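Q: One line per chain: the protein sequences are A and B, in this order.
So the first sequence is numbered by this note's numbering: it starts at 1 and just counts up by one.
So the second sequence is numbered by this note's numbering: it starts at 1 and just counts up by one.
The hints are simulated quantities; they were obtained by calculation from the structure and are not laboratory data.
Heads up, the list lumps identical chains together, so a pair's fine if it works in one copy or across two of them.
With a Cα cut of at most 30 Å, we get these calculated DSSO-like pairs of lysine-lysine:
1) Lys223 to Lys175
2) Lys148 to Lys158
3) Lys180 to Lys223
4) Lys198 to Lys143
Since the structure is predicted, the reported quantities are computational estimates derived from the model, not experimental observations.
One-letter residues, chain by chain:
Number of protein chains: 2
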Amino acid sequence: MFRKLLTIEEAKNVIDENFKPTQLGDEDVALLEAYNRVLKENVVSTMDVPSFDRSTVDGYAVKAEETFYADENQSVALNISGMIFAGEQPKMVLDKGEAVEIVTGAPLPEGTDAVVMLEDAERVDNQLQVYTAVTPYMNVMKKGSDIKSGETILHAGKVLGASEIGALAALGLTKIRCIKPLIVAVLSIGNEIIEPGKLLTAGKIFDINAYSLSTAVIECGAKPIFFGIVPDDKETLRKTLIVALSSADIVITSGGVSVGPYDYTPQIVDSLGKPGVVISGVAVKPGKPTTVAFVQDKPVFSLPGNPTAALLVFYLLVRPVILRLCGRTPHDMQSIRAFAGVKLFSAKGRRTFVMVRLVLDVEKSRLVAEPVGEASGAITILTIADGFVEIPENQQHINKDEEVSVRLFRQV
Amino acid sequence: MFRKLLTIEEAKNVIDENFKPTQLGDEDVALLEAYNRVLKENVVSTMDVPSFDRSTVDGYAVKAEETFYADENQSVALNISGMIFAGEQPKMVLDKGEAVEIVTGAPLPEGTDAVVMLEDAERVDNQLQVYTAVTPYMNVMKKGSDIKSGETILHAGKVLGASEIGALAALGLTKIRCIKPLIVAVLSIGNEIIEPGKLLTAGKIFDINAYSLSTAVIECGAKPIFFGIVPDDKETLRKTLIVALSSADIVITSGGVSVGPYDYTPQIVDSLGKPGVVISGVAVKPGKPTTVAFVQDKPVFSLPGNPTAALLVFYLLVRPVILRLCGRTPHDMQSIRAFAGVKLFSAKGRRTFVMVRLVLDVEKSRLVAEPVGEASGAITILTIADGFVEIPENQQHINKDEEVSVRLFRQV
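Based on the provided sequences and hints, a complete structural model is requested.
A: Below is the structure:
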């Protein structure tokens, strides 16, 4: 088993080397439920959208060339031969010298190729005076100009938002083939941990990590399976991990990874399949006792019990893997420039992540990054923090007022 | 009825003047389903977290003052009087000169106030040599240091993410009182519009806007009620709007707002209650024929039928209102600096929004904003666009290579 502490970049490289994208299944999803889902296949249109030349204004459908000499001083006279409403199929064919009244969205009749806007013409009974020249297809949305038959309108892997779902509706689709959600097993390890809602007995604490990590999984667009709490018992843990691995695409545990006599999670994970544990400890603070294994191509992340550390390592190492397995592009966390509110210290030889909240310094009109407590494992730190400042391994501190980049947990 | 075109800022002000936050109901939500929900009430802790002094390391619980003179050269000798596991309630009380082995997460026994780390001591049978001094509460998470009994840990209005749900679990909660989702009625108006999945007959187009706008509503954390398509018929529209207003907190229609003979949406909305229509047209391109009304304090947005325009006006005017009604902070859309790929033209006297996609210019190592088609109403434009460039009312164009700010539809 690997025992050297890796830097965060080394850890990411080791994960990349062992990473094999899972082939997730697929399922049909109703269009109105497909928000934020990932498209399984390319979507190729079998129709033109619109399927006819469509007026984009209220006015008069004409043959453009008959208006070419019209201007404010010299109108062109046309006979109005009827009216076309939206949703109708016009049956008339226009002759020379004819125009037809048309509303927005209605199809142009045969013999016309442009629309003169209401305000550019004057009507007296069935006589129209056109005061402006229109070019062919002016004020017309041509057949197929939005989507052409045979055109690929969306590509496999696209994450569906408002405009994508609108485009699918434009093709008349009511459901769409999406990648099935990635299943992530989440479990907390420890005899001291008790399920929320139960009676808190002496020496126990309520489970935090299974809840915060499951929510972080949901935030990635994946689906957590909540395995709850596993006591510090080798055989129970081994059996639970086997079930978790068989029912999920990825497993996240927290707790049970330090050097205590009851911390045998890494050994058990390592025994479950090849290549087993590939990362044993990461040179970060907080989060050092992080173990990463691959068991039959499935990643198993064993995170520290400290809730701040567990969630931080989730964001740094686990989230990118989940997003890639889901077929989503792992975006970097958003950053913002700020200035250190106090001197920030690092842990010797370890990449240090200082949780900070952003405060506006009105006088200097700039954002100040204020640390929100030591990496003590308090979950409340993260509810207050807006993000974190990173201090490199080879740097001992960041001075007060020094410019820093704050990586944000959520948009400010 | 108001007939002057308003600028986008004037429109926002008129909305603000008429805006009355709805009192949304509340409901209990299971913790694991509470992601992205809005907290109804302050959460006050009724307990200390942790509820006991807790070791944060594996080591030996001691009385700190007995180690004050220990260092690498001069160890302090203590008798080991047992071991404490996590999840146990220690029954022993330590005397002078005594230490007890303790694992991470276990409670400190009476008579101790600090923990010496495993690597800072040496054990031979029950004799311990301590090689480092510890100060009181070193390597200890004190009772109540994360959360104190009586402390407000989260405030009403907080949007629940991973760390907030973790903090609620820390209190032993299994459900939490949240604001009920805002209900938004979405309907499309027009005889030419047909529901996806049905047979497309001549002169018809499939409904796009009800789908794209419903999805945009979901994206805001609100709940769309899909009213589908209403034909161009005054009485049907009036009746549908009355039902929509009685069942939803806000109503969004699209189509039927230009000057055509069949566009009576604004008149009907205006007749339904006071103050009625407050905005009739906004000086933007695309999106000019936008109508905003308030009917018995409920906002009714009548958006253009053009899918690009409808979604753009949704992002500019409707989204901030939905977010405020939901009790969420309306964040500005994220912006990014880029350079105009070609000369961009504006519509005379109207704020013009040019849909662009971002392309990396490797040679100049900068982002270029390329326009992705005219504001022609093509829904595909928005599936390609990364965001838009805004050209002010009094500006006629933006030159090629000029620096621009691109407001992003989604994170790039």
